[in-house]
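A.B. asks: All residue numbers in the sequence shown are consecutive under this note's numbering, ending with 348.
Careful, some of the hints might be misleading.
Listed below are the simulated DSS-like cross-link pairs for lysine-lysine, each with C-alpha atoms no more than 30 Å apart in a straight line [to be verified]:
hint, residue 1, residue 2
1, Lys-159, Lys-232
2, Lys-229, Lys-159
3, Lys-159, Lys-130
4, Lys-258, Lys-229
5, Lys-60, Lys-130
6, Lys-159, Lys-223
7, Lys-148, Lys-159
8, Lys-130, Lys-148
9, Lys-232, Lys-258
Since the hints were made in silico from the structure, they are not lab data.
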Amino acid sequence: MISFLAFWFRLGLRQSEESFLLFRVSPDSGYVITARELTPFQNRTFNLIVEAVDGGPKPKAAQAVVVVHVLDSVNNAPIIRMTLPAISNISRVNERANPGFVVAHFIVDDSDTGMNGDVRCFIENTDARKALAADTFSLQRLRESEFKVTVYSPLDREKISSYDVTITCHDSGNPPLSASVTFSVIIEDDNDNAPQFSRPMRRVSVAENSPNDFVLRLEATDKDLNANKLIKYSLGNVTSLVSTYISVSPDTGVVTTKQPLNRELFSQLDFEVVATDSGYPPLSSTSRVVIDVLDQNDNYPRVPLGYTLSVPENRPPWTVVGQIEAIDPDLGLAGEVIYQLMSGKGGQ
1 MISFLAFWFR LGLRQSEESF LLFRVSPDSG YVITARELTP FQNRTFNLIV EAVDGGPKPK
61 AAQAVVVVHV LDSVNNAPII RMTLPAISNI SRVNERANPG FVVAHFIVDD SDTGMNGDVR
121 CFIENTDARK ALAADTFSLQ RLRESEFKVT VYSPLDREKI SSYDVTITCH DSGNPPLSAS
181 VTFSVIIEDD NDNAPQFSRP MRRVSVAENS PNDFVLRLEA TDKDLNANKL IKYSLGNVTS
241 LVSTYISVSP DTGVVTTKQP LNRELFSQLD FEVVATDSGY PPLSSTSRVV IDVLDQNDNY
301 PRVPLGYTLS VPENRPPWTV VGQIEAIDPD LGLAGEVIYQ LMSGKGGQ
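Could you build all of it, start to finish, from the sequences and the hints given here?
C.D. replies: Okay, here's the thing in C-alpha cells:
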C-alpha cells in the first residue's frame, strides 16, 4: 500500500539561475544549504521558493518562500589606492609651500560593511623619522573613503630635504585588519638664503708701487641649490678712487690691484665686495675690505730753490746765518732728512 503521507523537498522550478547555482535543498530534511562560496554575494538577499512534494501518483506540492540574507561575515583588509603621487610614490613640494598645501591624495577601498568596513587612517609615528613626518604633515578625510595629506608646519630644505610618510588604514573588525603605504616627499629648493661670507671684514696691507697683483681672496657660500647657490662677486658702491685701483674677479672673488698704489696719494682703501646669487629674485650680502698702503722709500727730499742768505761781516764763528728746510713725504726713517754742505763759493 502506497503511503501518500511521505513527501520530499526541492527548490521550486521557477527560480533564478543564480539561486540554483548558489543553493540546494536537502530532499529528506528540507534543509536549505549553500552550493558554493557566498563571499562575492555579501549583503545580497535571495528569495528562494522551496516545495514540499508528496508521493502520490499525481504528486501534489506546497510552496514556501525562504528569504536568505547573505551577511558580511568575512572581514577583508582595506586597500589603499594612491592618486597623488600616482606612479612613482614620490611627491615634490617647494619649501615655500604654505600650510594646507596638498602633497598626496588617496582612496581607501573596503568591500566590507558595518564595523568591518569602518576604516580609519593615520600617519605613522612609530620611529623618529616617521614621527618627523607626522609632525610636518597632516591627514584629512575629504569623503567617506577619500583622504588628502597636506603641509602642516613650515618646510626648510636646508634642514630636512626629504620625508618618508607612511599611511596606515585599519577597519574596526575583530580583529581589525589594516593596510599601509609609504611615499616620499622631496623638498625642492627655494632661493631663501643669501650668500654668506666666511668673514664679514678683511684687513690687509699692500706695499705701494707693487705691480698689479693679488691682494686677497674673498669666499662666500650659499646653502641653496643649483642656480640659487651660484655666486658672482662685484665691487659695491665704491668711490672712483677705489674703482681706479681695485678690481674683483666675478667668479673667484679674488681682489687684485689694477695699478701700483701710491701711499703719498692715499694711505688706505676702504670698500665693500658684494656676493650675489643667481636665484630669482637674486639675494646678496657684503664683506668690508680695508687695504692699508705700506710706505716705500720712493721719494727724494725736496729743497726749495733760490735760498739767499746774508750775514754781517765780522760775525763770530757758528753764527746762525739761516735755515734750509727740506721735505720728504715718506714715513719713518725714509722721511728723515740729513743735511750736508756739499760745495760753496768765496773760499770760505
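A.B. asks: Please go over all the hints and tell whether each is borne out by the structure.
C.D. replies: Results of checking the hints against the structure:
A threshold of 30 Å between alpha carbons decides the hint, and for Lys-159 with Lys-232 the separation of about 25 Å falls inside it, so the pair holds. For the proposed pair Lys-229 and Lys-159, the alpha carbon gap of about 16 Å is at most 30 Å, so the pair holds. Among the hinted pairs, Lys-159 with Lys-130 is consistent with the structure: their alpha-carbon atoms are about 16 Å apart, no more than 30 Å. Straight-line distance between C-alpha atoms of Lys-258 and Lys-229 comes to about 29 Å, which keeps the hinted pair within the 30 Å bound.
Restraint check: the Cα-Cα separation between Lys-60 and Lys-130 comes to about 72 Å, which exceeds 30 Å; the hinted pair is violated. Between Lys-159 and Lys-223 the alpha-carbon distance is near 10 Å, which keeps this suggested pair within the 30 Å criterion. For the suggested pair Lys-148 and Lys-159, the alpha carbons sit about 25 Å apart, so the restraint of at most 30 Å is met. At most 30 Å may separate the alpha-carbon atoms for a hinted pair to count; Lys-130 and Lys-148 meet this at roughly 17 Å.
This hinted pair checks out: Lys-232 and Lys-258 have alpha carbons roughly 19 Å apart, not beyond 30 Å.
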